[in-house]
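J.: Please take these sequences and the hints and turn them into a complete structure.
There are 2 protein chains.
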Amino acid sequence: MQSREQPGWSPEPVAPGPDLHDVPMSWFNIVPNLPAPLPPARDPEDAKGSRLEVQQRIRLDAMRAQDAATDSFLPIPERVRQELAGLGRPTPLLRARALEEYLDTPARIYLKREDVLPTGSFKLNSAVTQAYFAAQQGVGTLVTETGAGQWGHAVAWAARRFGLHAIVFWAGVSARQKPGRHTVIEMLGAQVHQSPSELTAPGKALLRDGRHVLGSLGTAIGEAISYAADHPETRYISGSNLPHVLAHQTVIGQEVKTQLDALGETPDTLIACVGGGSNLGGLMGPFLADKAERGDGLLLLGAESAAAPRLTRGEWRYDHADPEGVTPLTKSYTLGRDYELPDTHVGGLRQHSGSSVVGVLRQQGLLDAVAYEEGEAFDTGRLVLRTEGMLIAPESCHAVRAAIEQAVRARETGAAKTIVACVSGNGALDLDGYTARFGGRAAHA
Amino acid sequence: MQSREQPGWSPEPVAPGPDLHDVPMSWFNIVPNLPAPLPPARDPEDAKGSRLEVQQRIRLDAMRAQDAATDSFLPIPERVRQELAGLGRPTPLLRARALEEYLDTPARIYLKREDVLPTGSFKLNSAVTQAYFAAQQGVGTLVTETGAGQWGHAVAWAARRFGLHAIVFWAGVSARQKPGRHTVIEMLGAQVHQSPSELTAPGKALLRDGRHVLGSLGTAIGEAISYAADHPETRYISGSNLPHVLAHQTVIGQEVKTQLDALGETPDTLIACVGGGSNLGGLMGPFLADKAERGDGLLLLGAESAAAPRLTRGEWRYDHADPEGVTPLTKSYTLGRDYELPDTHVGGLRQHSGSSVVGVLRQQGLLDAVAYEEGEAFDTGRLVLRTEGMLIAPESCHAVRAAIEQAVRARETGAAKTIVACVSGNGALDLDGYTARFGGRAAHA
Ligand SMILES: Cc1ncc(COP(=O)(O)O)c(C=O)c1O
Ligand SMILES: Cc1ncc(COP(=O)(O)O)c(C=O)c1O
Numbered sequence: 001m002q003s004r005e006q007p008g009w010s011p012e013p014v015a016p017g018p019d020l021h022d023v024p025m026s027w028f029n030i031v032p033n034l035p036a037p038l039p040p041a042r043d044p045e046d047a048k049g050s051r052l053e054v055q056q057r058i059r060l061d062a063m064r065a066q067d068a069a070t071d072s073f074l075p076i077p078e079r080v081r082q083e084l085a086g087l088g089r090p091t092p093l094l095r096a097r098a099l100e101e102y103l104d105t106p107a108r109i110y111l112k113r114e115d116v117l118p119t120g121s122f123k124l125n126s127a128v129t130q131a132y133f134a135a136q137q138g139v140g141t142l143v144t145e146t147g148a149g150q151w152g153h154a155v156a157w158a159a160r161r162f163g164l165h166a167i168v169f170w171a172g173v174s175a176r177q178k179p180g181r182h183t184v185i186e187m188l189g190a191q192v193h194q195s196p197s198e199l200t201a202p203g204k205a206l207l208r209d210g211r212h213v214l215g216s217l218g219t220a221i222g223e224a225i226s227y228a229a230d231h232p233e234t235r236y237i238s239g240s241n242l243p244h245v246l247a248h249q250t251v252i253g254q255e256v257k258t259q260l261d262a263l264g265e266t267p268d269t270l271i272a273c274v275g276g277g278s279n280l281g282g283l284m285g286p287f288l289a290d291k292a293e294r295g296d297g298l299l300l301l302g303a304e305s306a307a308a309p310r311l312t313r314g315e316w317r318y319d320h321a322d323p324e325g326v327t328p329l330t331k332s333y334t335l336g337r338d339y340e341l342p343d344t345h346v347g348g349l350r351q352h353s354g355s356s357v358v359g360v361l362r363q364q365g366l367l368d369a370v371a372y373e374e375g376e377a378f379d380t381g382r383l384v385l386r387t388e389g390m391l392i393a394p395e396s397c398h399a400v401r402a403a404i405e406q407a408v409r410a411r412e413t414g415a416a417k418t419i420v421a422c423v424s425g426n427g428a429l430d431l432d433g434y435t436a437r438f439g440g441r442a443a444h445a
Numbered sequence: 001m002q003s004r005e006q007p008g009w010s011p012e013p014v015a016p017g018p019d020l021h022d023v024p025m026s027w028f029n030i031v032p033n034l035p036a037p038l039p040p041a042r043d044p045e046d047a048k049g050s051r052l053e054v055q056q057r058i059r060l061d062a063m064r065a066q067d068a069a070t071d072s073f074l075p076i077p078e079r080v081r082q083e084l085a086g087l088g089r090p091t092p093l094l095r096a097r098a099l100e101e102y103l104d105t106p107a108r109i110y111l112k113r114e115d116v117l118p119t120g121s122f123k124l125n126s127a128v129t130q131a132y133f134a135a136q137q138g139v140g141t142l143v144t145e146t147g148a149g150q151w152g153h154a155v156a157w158a159a160r161r162f163g164l165h166a167i168v169f170w171a172g173v174s175a176r177q178k179p180g181r182h183t184v185i186e187m188l189g190a191q192v193h194q195s196p197s198e199l200t201a202p203g204k205a206l207l208r209d210g211r212h213v214l215g216s217l218g219t220a221i222g223e224a225i226s227y228a229a230d231h232p233e234t235r236y237i238s239g240s241n242l243p244h245v246l247a248h249q250t251v252i253g254q255e256v257k258t259q260l261d262a263l264g265e266t267p268d269t270l271i272a273c274v275g276g277g278s279n280l281g282g283l284m285g286p287f288l289a290d291k292a293e294r295g296d297g298l299l300l301l302g303a304e305s306a307a308a309p310r311l312t313r314g315e316w317r318y319d320h321a322d323p324e325g326v327t328p329l330t331k332s333y334t335l336g337r338d339y340e341l342p343d344t345h346v347g348g349l350r351q352h353s354g355s356s357v358v359g360v361l362r363q364q365g366l367l368d369a370v371a372y373e374e375g376e377a378f379d380t381g382r383l384v385l386r387t388e389g390m391l392i393a394p395e396s397c398h399a400v401r402a403a404i405e406q407a408v409r410a411r412e413t414g415a416a417k418t419i420v421a422c423v424s425g426n427g428a429l430d431l432d433g434y435t436a437r438f439g440g441r442a443a444h445a
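So the sequence lines, in the order shown, correspond to chains A and B. Using the UniProt record's numbering, read the first sequence as starting at 1 and increasing by one per residue. Using the UniProt record's numbering, read the second sequence as starting at 1 and increasing by one per residue.
It is worth saying that the hints were derived from the structure and are not from the lab. Computed from a predicted model, the values in this text were never measured in an experiment. Please note that a few of the clues may not be correct.
Unchecked claim - In silico contact screen, one side only, chain A against chain B (beta carbon under 8 Å); selected entries:
1) 95
2) 390
3) 434
Stated by the list, open to error - Reference listing, derived: stretches of chain A covered by chain B, where coverage requires no fewer than 3 residues with Cβ under 8 Å from a Cβ of chain B:
4) 107–119
5) 184–192
Every residue, glycine too, gets a C-beta built ideally from N, C-alpha and C.
T.: If you want it as C-alpha cells, here you go:
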C-alpha cells in the first residue's frame with residue numbers, strides 16, 4: 001500500500017471520466033433573476049477600516065467573479081462535473097411512500113436525498129467546487145467556519161481531494177455536541193478550532209467579555225475572516241449565504257426539475273430549511289421562472305429554527321453577520337448581532353442574520369416561512385426514521401416537518417399536492433441530539 | 001400530525017407502486033448450485049433434547065421452506081420488491097476513481113454501495129423480507145441476535161414497517177461500543193438486551209461461569225433461540241449463515257451483474273467480508289456459474305477478521321454456533337465453541353464458526369480467504385474516507401482492504417483487473433472504533 005498520499009492536482013479531467021450525462025452543465029445564477037436588485041454589502045461608518053477591502057483580499061478570485069456575474073448560467077468546469085458525478089450526483093429523489101401512508105395523505109412527498117452524498121450533506125457540492133478553484137488559483141490553505149460541522153466536514157474532504165490544507169472554526173457548542181464528527185474532520189487532516197477561540201482578535205474579545213461564549217455560526221465567521229486576514233497565504237471561503245454558494249447548490253434544483261419531469265410531476269410546494277440559505281437557494285433558484293409564472297400555484301417555503309427565527313420574526317435591515325462586526329454590513333432578515341443564540345442541537349440553522357438573496361425573495365413575497373422548535377424537529381426525525389428508515393440531520397427535519405404539515409393540509413382539503421423537500425443532510429453524526437431527546441426512553445414514546 | 005402509527009399490514013402491493021423495473025424478480029438459491037452437497041445440520045448425541053426440533057418450532061414457515069427449496073430461483077413477492085425499490089435498490093456501483101488514483105493502479109475498483117441503504121447496511125435486504133413473511137404468517141414478535149448491531153437495526157426498522165414487535169439480543173461488547181446505534185434501535189421501538197443476559201438459561205450459565213462474558217454473536221444466537229423457544233408466540237429469525245438469508249442477499253450480486261454488464265465489464269475478482277457469510281453469498285452466488293466456467297480467471301475472495309480467523313485458520317468440522325450448544329451441530333470452518341473472542345470493534349465478523357454454504361465453497365476450492373487485524377481495517381477505512389469521502393463500517397473495511405491489495409498487485413503486474421468489493425455497511429454509527437484508533441491524533445498520522 002505504499003503510494004503517494006494524494007493524487008497531484010491537475011486541472012485536466014481525470015481520464016477516463018465517469019458518465020457526466022446526468023450532471024448539469026451550468027450553475028443557475030439567482031441574482032440576475034431576482035425580482036428586485038440585491039442590496040449591496042457596504043461598510044459601516046466607523047474607524048475600524050474597510051470590511052469590504054478585507055473581503056477583496058481574502059476571497060478566491062473565482063468566487064468574487066461569480067458573485068459579480070450577471071449571466072443567468074455559469075458554466076461548471078468539466079473537472080468539477082466529474083467530481084460531482086464521482087460523489088454520486090445526481091442524488092436520488094425519493095418518493096416517501098411510507099411517510100405518505102403513515103400520514104394517510106393524498107399528497108405525494110418527494111425527498112431530495114442530499115444526505116447520501118459521501119460526507120453526509122449537500123455542503124459537498126460547493127466545497128468541492130471552491131476547493132477546485134482554490135487549487136487552480138494556487139492557494140494552499142483554506143480557512144472557513146462551520147455551524148453544524150457539515151460544511152467543515154465537506155471542506156475537509158474537498159481540501160484533501162485537491163491537495164490543500166483546511167482550517168475550520170467551528171461554533172463551540174456544536175463542536176462539543178459532536179465528538180464523532182470531530183474525529184472524522186481530523187481524520188481528513190483538517191485543523192479544527194472551537195469558536196470563540198483565543199486564536200483571533202474577535203474570538204479573544206468575546207471570551208474576555210463573556211459574550212456569545214457558546215459560539216455560533218456568526219462567531220465562527222468573524223474568527224475565520226480575521227484569521228484569513230492575518231494570514232495572507234490563506235484564502236477564506238463561505239459555506240452559505242453568498243450568491244456563488246447558492247449558485248453551486250443549484251445542481252440540486254436542476255436535478256429535481258429533471259427528475260420530476262421524468263415522473264410527469266409538477267411541484268406544488270418546494271421546501272428547504274434555512275440557515276444561510278444555500279440549500280434553499282439551490283433547490284428553489286431553478287424554479288424561480290416557474291414561480292413568476294404560477295404565482296400562488298407554486299409555494300416556496302423556508303423552514304427555520306425557532307431558536308433563530310429570522311424570516312418569521314427578524315427585521316429586514318443592514319447588519320453584520322458576526323457579533324464583532326468583522327464582516328461588512330449586509331441587508332437580510334436579522335435578529336441583531338447582539339442576539340445570543342440559545343444552546344440547541346440545530347447548529348446549521350443557528351445564526352442571527354442571513355442571506356440577502358433569501359431576504360429579497362422573502363421581501364418580494366415569493367418565499368413563505370415557518371419556524372419549528374428543536375423538539376418538533378427531532379420528533380419529525382424519529383418519524384422519518386420509523387417510516388423511511390433513515391436518520392436525517394436535525395436541520396433537514398425542519399424541512400420535512402413543513403412537508404408533513406403541507407401533506408396533512410392536503411389530506412384535509414383532499415388535494416393531491418406534489419411536495420418536494422430537501423433532505424440537506426444525514427443525521428448519524430448528530431446522534432447526540434437525538435439521544436438527548438430520546439435516549440433511554442426512546443422505546444416508550 | 002394525528003395519524004395512525006403504522007400502516008396496516010397488507011399483503012397487497014401498495015398502489016401506485018414504485019418502479020420495479022430494476023429490482024430482481026427472484027432470489028438466487030445457492031444450495032442447489034454448490035459443487036458438493038450441503039452437509040445437513042444434525043443433533044449432538046447428548047441428553048439435552050433435539051435442537052433440530054426446536055428449530056422447527058421457532059422458525060418462520062417460509063424460511064424453513066426456502067432452506068429446503070431445490071429450485072435455483074425463488075420468486076420475490078411483489079410487495080417485497082416494492083419495499084426493496086422504496087429502500088433505494090438497486091444500490092449504486094461506485095467506480096472508486098479517487099482510490100484508484102491514490103493507489104496508482106491500472107485496476108478498476110468498483111464498490112457496491114450497500115452502505116447507502118437507509119438503515120446503513122445490506123442487512124435490510126433480508127430483514128424486510130423476513131418481516132414480510134412473518135406478517136404474512138400472522139406472527140407478532142420477532143426475536144433475533146445481532147453482532148455489530150446492523151442486523152438488529154435493520155430488523156427494528158423492518159418489524160415496525162410491518163407492524164411487528166422486535167426483541168434483539170446484542171453481543172454485549174459491541175452494544176457498549178455503540179450508544180448511538182442503541183438510541184436508533186430504541187427509537188425504532190425494538191427491545192434490546194445485551195448478551196450474555198440474565199434473561200435466558202444460556203445467558204445465565206455464561207455469566208455464572210464467567211465464560212464469554214464480553215458476549216459475541218454466538219452468545220447472542222444462543223440466547224435469542226432460547227428466548228424464542230420459551231415464548232411460543234414469537235418466532236426467531238437469523239441475519240446470516242443460513243441458505244435463505246444468503247438467498248435474500250443475492251439481489252446484491254444480481255444487481256452487480258447487470259451494472260457491470262451495462263459498463264461492458266467482466267469481473268476478475270469479487271470480494272466480500274465474511275461473518276456469517278451473507279453479504280459474501282449475496283454478492284458471489286449469482287456468479288457461481290461464471291466461476292465454474294472461468295476457474296482461476298475469476299477470483300472469489302473472502303476477507304475475515306484476524307480476531308476470528310475461521311476460513312484461514314479454523315477447522316472444517318461440525319460444531320455448535322453458540323457456546324452453550326443451544327444450536328444444532330452444523331459443519332463449517334470453526335475455531336471451536338469454547339474460543340473466547342477478543343474485544344474488537346469488528347462485531348459483525350466476530351464469531352467462532354460460520355456458514356456451511358461458505359464452508360463448502362472454501363472446501364471445494366472456489367473461495368480464497370484472507371484475514372486482517374482490526375488496525376489494518378481502520379486504516380483502510382481512513383483511506384476510503386480520505387479518497388472517496390465516505391465512512392464505511394469496520395467490517396466492510398476488510399473487503400476494501402483486500403481489494404486494495406489486489407489493486408496494488410495489479411499495479412505490479414500491470415494487469416488492468418476489474419475488482420468488485422461489497423461495502424456492506426456504513427460506519428457512522430461505528431465511529432467510536434475509529435475514534436479509539438484515530439481520535440485526538442487523527443490529523444497527525
Ligand atoms: C445539514 C444541514 N442542512 C442545512 C444547513 C443550512 O445551511 P443553508 O441554509 O446554507 O442551506 C446546514 C448548515 O450547516 C446543514 O448542516
Ligand atoms: C456491516 C456488516 N458487514 C458485514 C457483516 C457480516 O455479515 P455477513 O457475513 O453475514 O455478511 C455484518 C454483520 O453484522 C455487518 O454488520
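J.: Which earlier hints can't be squared with this structure?
T.: none
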